[in-house]
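By full-length UniProt numbering, the letter at position 32 of the sequence shown is numbered 32, and the numbering carries on one by one without gaps.
Hints in this document: simulated from the structure, not taken from any laboratory.
Since the model is a prediction, treat every value here as computed from it, not as a measurement.
A virtual CB, placed ideally from N, CA and C, is assigned to each residue, including glycine.
Certain hints may be false.
[Claimed, not checked] No more than 25 Å apart at the CA atoms, straight line, and that leaves these computed lysine-lysine pairs for PhoX-like: (1) Lys36 x Lys98; (2) Lys67 x Lys83; (3) Lys98 x Lys67.
[Said to hold, decoys possible] Here are the simulated distance ranges between beta carbons: (4) Leu69 x His39: 37 to 45 Å; (5) Gln44 x Met71: 36 to 44 Å; (6) Leu69 x Lys36: 31 to 39 Å; (7) Met71 x Thr93: 15 to 23 Å; (8) Lys67 x Thr93: 15 to 23 Å; (9) Ile94 x Val60: 14 to 22 Å; (10) Thr100 x Glu61: 18 to 26 Å; (11) Leu95 x Lys36: 23 to 31 Å; (12) Ala53 x Pro90: 18 to 26 Å.
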Amino acid sequence: MSPTTRSQSRKYKTSSSESQELPVFNVDRIHRKLKKKFHRLHLQHDASVFLAAVLEYLTVEVVTLSKKLIMKNNRRIRSSQVKQILQTDPDLTILLSKVTIPTDI
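Given these sequences and hints, build the entire structure.
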């Protein structure tokens with residue numbers, strides 16, 4: 001058998017922009033923090049899995065909407081642009097109505 005290089009063994013390459021789009025929330029860390037916050041309650045591990053999935057979904061949603069807004073000129077997403085996105089999307093506006101986003105420096 002001929003030795004294969006690392007690039008040949010991969011089925012496809014992921015670009016850096018693709019890997020930046022997919023946030024990963026550690027379920028065990030979320031579970032540990034929930035147990036610390038709500039120490040009197042019995043928490044099932046499924047609750048942490050569900051919360052991690054919801055956080056991932058919301059993060060990807062906000063980032064993709066922001067990317068569409070700044071696709072032409074900028075390389076970074078600024079907090080003012082995130083505020084603008086949150087104001088244009090009615091569902092996110094309702095969900096994040098009491099969230100304070102810091103301003104750009």
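Each hint, compared with the structure:
In summary, the hint linking Lys36 to Lys98 is supported, as the alpha carbons are separated by about 24 Å, within the 25 Å threshold. Taken as a hint, the Lys67 and Lys83 pair is honoured in the structure, with Cα atoms around 13 Å apart against an allowance of 25 Å. This hinted pair checks out: Lys98 and Lys67 have alpha carbons roughly 23 Å apart, not beyond 25 Å. Distance hint for Leu69 and His39: a CB-CB separation of about 41 Å, consistent with the stated range 37 to 45 Å.
For the pair Gln44 and Met71, the supplied restraint of 36 to 44 Å holds, since their beta-carbon distance comes to about 41 Å. In this structure the supplied range 31 to 39 Å holds for Leu69 paired with Lys36, their Cβ-Cβ distance being about 37 Å. Take Met71 and Thr93: their Cβ atoms lie about 22 Å apart, and the range 15 to 23 Å holds. Lys67 and Thr93 have their C-beta atoms about 19 Å apart, which keeps the hinted 15 to 23 Å range intact.
A beta carbon spacing of about 19 Å between Ile94 and Val60 agrees with the range 14 to 22 Å that was offered as a hint. At about 19 Å, the CB distance of Thr100 to Glu61 agrees with the hint of 18 to 26 Å. Taking the beta carbon of each, Leu95 and Lys36 are about 25 Å apart, inside 23 to 31 Å as hinted. Taking the beta carbon of each, Ala53 and Pro90 are about 22 Å apart, inside 18 to 26 Å as hinted.
Figure legend: structure checked against the earlier numbered hints; every hint is met.
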